[in-house]
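Undergrad: Chain by chain, the residues run as shown.
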Amino acid sequence: MTAMATPGAAHAMRDLSLLRLALRMLVRDWRAGELRVLALALVVAVSSVTSVGFFADRIRQGILRDAHQLLGADALLDADHAWPAEISAEIRKSGLAFAELMSFVSMARSDAASQLSGVKAVSEGYPLRGKLRIAMALNAADEATTQVPERGSVWVDERLALALERKVGDTLQLGEATLRIGAILTLEPDRNASFFNIAPRLLMRIEDLPATGLVQEGSRIRYNLLAAGEPDAVKRFEAWVKPRLGRGESLQDLENASPSVRNSIERGEQFVGLTALLAVILAAVAVSLSTRRYTARHLNGFAVMRCFGATQARLLALSACEFVLLGAAASVAGCVLGFLAQFVIAAFVTQFVGTALPAPSPLPALQGILVGMALLLGFALPPLLQLKNVPALRVLRRDLGAPAEGALVAWTLGLAVIGALLVWQAGSVRLGLVVLAGFAAAFALFGVIAYAGLRLAGRAGSGAGVTWRYGMANLKRHARANTVQILALAVGLTALLMLSFTLDDLISTWKRKIPPEAPNRFIVNIQPGQAADIGAMFKDAGIAAPAIYPMVRGRYVAHNGRQLEVSALNEHDRHTVEREFNLSFMESQQPYNSVIAGAWFSAADLRAGAVSVEEGMARRLGWNLGDTLTWQVAGRNFTAPITSIRKLDWDSMRVNFFVIATPPLLADAPASYISAFHLPEGRLAFANSISQRFPNLTLVDMSAILRQAQLIIDQVVQAVRFVFLFALAAGLLVLYSALLATQDERAQESALMRALGASRRQILAAQRAEFLVLGLSSGLLAAAGASAIGWSIARFVFQFPYQMNAWVWLAGPLAGLACVAWNARAGARAALDHPPLLVLREA
Amino acid sequence: MSPIIRSRGLSKTVPLAAPPGGGQVSQLAILQDIDIEIIPGEAVAIVGASGSGKSTLLGLLAGLDVPSAGKIEIDGNDLFSLDEDGRALLRARLLGFVFQSFQLLSALNALENVMLPLELAGIAGAAESAKAMLQRVGLGERLHHYPKYLSGGEQQRVALARAFVVKPKLLLADEPTGNLDAATGAAVIDLLFGLNAEAGTTLVLVTHDEALARRCGRIVRLAAGRVTN
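Residue numbers (our numbering), protein chains in the order written: chain U, 1 to 843; chain E, 1001 to 1229.
Derived from the structure by calculation, the hints contain no laboratory data.
Bear in mind that the values here come from a model prediction, so they are computed numbers and not experimental data.
It cannot be assumed that every hint is accurate.
Quick list of simulated restraints, FRET-style, between CB atoms [stated by the list, open to error]: (1) Ser-1151/E x Leu-340/U: 42 to 50 Å; (2) Leu-23/U x Asp-1033/E: 45 to 53 Å; (3) Lys-1071/E x Leu-433/U: 56 to 64 Å; (4) Arg-825/U x Glu-1128/E: 43 to 51 Å; (5) Arg-1218/E x Leu-23/U: 40 to 48 Å; (6) Ala-328/U x Gly-1200/E: 41 to 49 Å; (7) Gly-1051/E x Leu-433/U: 54 to 62 Å; (8) His-478/U x Ser-1106/E: 21 to 29 Å; (9) Leu-366/U x Lys-1148/E: 38 to 46 Å; (10) Lys-1148/E x Val-344/U: 38 to 46 Å.
Quick look at which bits of chain E chain U covers, simulated, 3 or more residues with Cβ under 8 Å [stated by the list, open to error]: (11) 1050-1061; (12) 1086-1093; (13) 1112-1118.
Some chain E residues flagged as far from chain U (calculated, every beta-carbon gap over 10 Å) [said to hold, decoys possible]: (14) Ser-1002; (15) Val-1025; (16) Ser-1026; (17) Asp-1075; (18) Arg-1142; (19) Ala-1187; (20) Phe-1193; (21) Ala-1213; (22) Arg-1214.
We put the beta carbon where it would ideally sit given N, CA and C, even for glycine.
Next up, chain U with everything else stripped away, as it sits in the complex (with noise of 0.2 Å):
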């Protein structure tokens, strides 16, 4: 008795602080298991948050850090004239790297053939960013370099080596000068900047370029200025540039890097970060699910507790304690597991950019554990502020004290919290609440539609056998509690569903947006004569003919009889508008393009003439169905009003136009015809045979653009995929906390059974009717959440047709019968592998 407290000496022992004793009943918990599934929980949220927030957080540096190799520089310069020496002089002055090119379009020559080839013309240090590649013989390993070519040598790329059949060592002649060709191009970082540098590649010096002649008075030559240096210094010398452009000088921005293939990512993160958001959706019903089981089990504890004196005040802030402790261990396990999977993430995408991506920056590990605390708190904090009002006379009374549900505070909390984390993934308002409405909305729906069910099979049930009339009472008898579980498994299997079938569902359609036999070729400047020859070439060589559309250049030049005033536009809107349109004329609407506004050329705008428009044109230059636009076409004003707008499929590689007129209005106008057309694998020599017979056309080869578009594709679904994996745990998770919190009562029915005298085949065989029902009622909500939720993503998120999967309704039901039968079998043997005296003894 020596160590035993004695009277009056309480007062000189240390208090064990809060924290303490909070770690301590943590630490039980988790030992007897009771607070795993909640963790578990968290952490796949979590984790599956963050690593999607790495991974995005990254592929933004990239592409930023990309978009400067792109254009090969922090600020590049471009102006269809020599750029005043000032300029330079500042950038030199602003602390900057400077290099410049000319680039320009010539015929490259050598005895044996002549190639019209994109020259660029560069001084030293150039590219301020990115590296080029090169390799010193044809098919031989490239290499990155910082150098440019020497005075008086070319780099050539393997087109324009293999056109002029000339190796490294060989000379060309380019205009007048006679240049030595020093290696193989490979790689320029900011070839994608325009379209027209998909022509053979030639590098120069530009103190070589006055020896060719090349630079006379209308050459075609783009001037280009690069400035690359600190952040702030880039800044402050775009802020000293912008005002002194003049016509036909502009500051290139990050926007115009390859806007496919941002697209692309873009679209691909969307998707990637909603996999995520599914996760956390789940994982919310999971945490919401286990704290309630926490909260049944605890509450005799807390009862004693209250008995041996605890105050609601001190019992509150232990479990809130407790529980914020679990959450801050889980949310950074999370994170952990979250930086490591985006490791994963990352190695499926890191072709999208050619390079490694670059380390990501901490504020995602914020984020998640953010998003964990809230789930902690809008999930588990309500049915855990109901164990404090547990009274501590039901250590006498068994029957008192099961706490009001607070089902309204509990909700709204949780849907607020839901609500404002799906519009933070989502990035959108509009987006965030579509997808909380609709979750809300099936929640309640399945909610509705299982308790009707089962109230309803409780009646059913009346006049059947015993075992049925058994086992439809029950359902009747637990009608809210079998409802909570049918939801939760539902949803569980939603997620389940939703991996098996609806996604590859999605990605298979999104693939087949890009079909392989998409066009890889355009031609252009097809004269008006050489249409039907063309067409002919075609058929000869057995190749589908193409569709060929006239193009008409057009200077936009007044709104609803209003002269434009090119200043009242910002900087972008007036690049668009100083360049000449390249405008269409046609009857027909072309298949691939959809009419969101409006109605195509009746007979009528055929006879009067009349517009059609693109819908992102429309929205930027403020054009509405019904205003007038004024063209001007080589020399002369057309107007017209505009009767529909139209929205194009940039994805389909195919031939678009911003604005389509009647044929009538530029039918006389000077027109060269464009077309494209899939080049079969194999086919080169068809390609080239169109060439030499039209050497006036030229042929731009998309299919480096489309394979990149495709292989982005590719990679996202792996990303995708593997997102998937957290979603998928985070529906397990569901599904097992759905069946853990029934487990205890089955557990217990099953032994009180068993102590009367059943069997182990009558026990199952009691359970079963009742299983019946709510497997197959949660496997058909399933099937029906996952095809909705899939037609919902499709229609709204991705704006592509959905085709609607009928095995969901087969897998949907069987899924869910096997669930609740594994949980009857789990439920049944905790019963019958134990005396039924240890299992009573637990009640």
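Using the hints provided, position chain E relative to the given structure of chain U.
TA: Quick look at chain E alone, frame taken from chain U:
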């Protein structure tokens, strides 16, 4: 010597369910006009048939429930002038409990169950005190066993250790042998009285077992909510 428990005019009524077809809700009197005084160190048994109001009286004496009328003083403190948290603090300072259904926390092992009231009271050295107490009740070898792996008698001995480890002035026991067979029950009761004598605790024991009641110094008999002796 001033009493450690004094009740005056203690009554407890509960509303009955309304009769079918409406009508006035009637009240059921569970306890009526109970006056009790218990002096420190006394062992008192409250006996009566099922439904006589024994457990309700115990709940009121512990401040776990509130009366419809009357008052209780515990060690000079007017129990029902305190709010629920005030009564909890008073329990922490003065009371120990033993329950018919043991009320051990299933997630805690034997040692942790005994440590719990010390920890809640913020008393240091909880583990050592709890170990010593468990050794005293003969469970020194089963410190780390969870309740479901202990027999009923062992669980009740853990509960006794938990009740006495805080050295309460007053121990309230509700049918402590109610869930035990006769032999185990007798051993537990021997232990209870032994510990009580060692610590000089006041014992209030609710039971319907006359033999057990006779081991206490005084018997208070309840019938239909009234003290009959």
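Undergrad: Next, verify each hint and record whether it holds.
TA: Verification of the supplied hints:
In this structure the supplied range 42 to 50 Å holds for Ser-1151/E paired with Leu-340/U, their Cβ-Cβ distance being about 48 Å. Judged by the Cβ atoms, the range 45 to 53 Å given for Leu-23/U and Asp-1033/E holds: they are separated by roughly 49 Å. As the Cβ distance of Lys-1071/E to Leu-433/U is approximately 58 Å, the hint placing it in 56 to 64 Å holds. At about 45 Å, the beta-carbon gap between Arg-825/U and Glu-1128/E stays in the expected band of 43 to 51 Å.
The beta-carbon spacing between Arg-1218/E and Leu-23/U, approximately 46 Å, falls within the hinted interval of 40 to 48 Å. One distance hint, 41 to 49 Å for the beta-carbon pair Ala-328/U and Gly-1200/E, holds here, with the actual separation near 46 Å. Distance hint check for Gly-1051/E and Leu-433/U: the Cβ-Cβ separation is about 58 Å, which falls inside the suggested range of 54 to 62 Å. Our hint of 21 to 29 Å for His-478/U and Ser-1106/E holds, since their Cβ atoms are close to 23 Å apart.
As the Cβ distance of Leu-366/U to Lys-1148/E is approximately 43 Å, the hint placing it in 38 to 46 Å holds. At roughly 42 Å, the beta carbons of Lys-1148/E and Val-344/U sit within the given window of 38 to 46 Å. Counting residues of the region 1050-1061 of chain E whose CB lies closer than 8 Å to any CB of chain U gives 3, which reaches the minimum of 3, so the coverage claim holds. With 6 residues having a Cβ less than 8 Å from any Cβ of chain U, the region 1086-1093 of chain E passes the three-residue criterion, so the hint holds.
Proximity of the region 1112-1118 of chain E to chain U, defined as three or more residues with a beta carbon under 8 Å from a beta carbon of that chain, is established by the 4 residues found. For Ser-1002/E, the non-interface assignment is confirmed: its Cβ lies about 17 Å from the closest Cβ of chain U, beyond the 10 Å cut-off. Against chain U, the non-interface label of Val-1025/E holds: every CB pair exceeds 10 Å, the least being about 20 Å. No Cβ of chain U comes within 10 Å of the Cβ of Ser-1026/E; the nearest lies about 21 Å off, and the non-interface call holds.
For Asp-1075/E, the condition that its CB be more than 10 Å from all CB atoms of chain U holds, with the nearest at approximately 12 Å. The Cβ of Arg-1142/E sits about 16 Å from the closest Cβ of chain U, beyond the 10 Å cut-off, so the non-interface label holds. Here Ala-1187/E stays apart from chain U, with its beta-carbon at least about 19 Å from theirs, past the 10 Å limit. No Cβ of chain U comes within 10 Å of the Cβ of Phe-1193/E; the nearest lies about 16 Å off, and the non-interface call holds.
Residue-level check passed: Ala-1213/E sits 19 Å from the nearest beta carbon of chain U, beyond 10 Å. Under the 10 Å C-beta cut-off, the non-interface status given to Arg-1214/E relative to chain U holds; the minimum distance is some 24 Å.
Comparing the model with each earlier hint shows no violations; every hint is respected.
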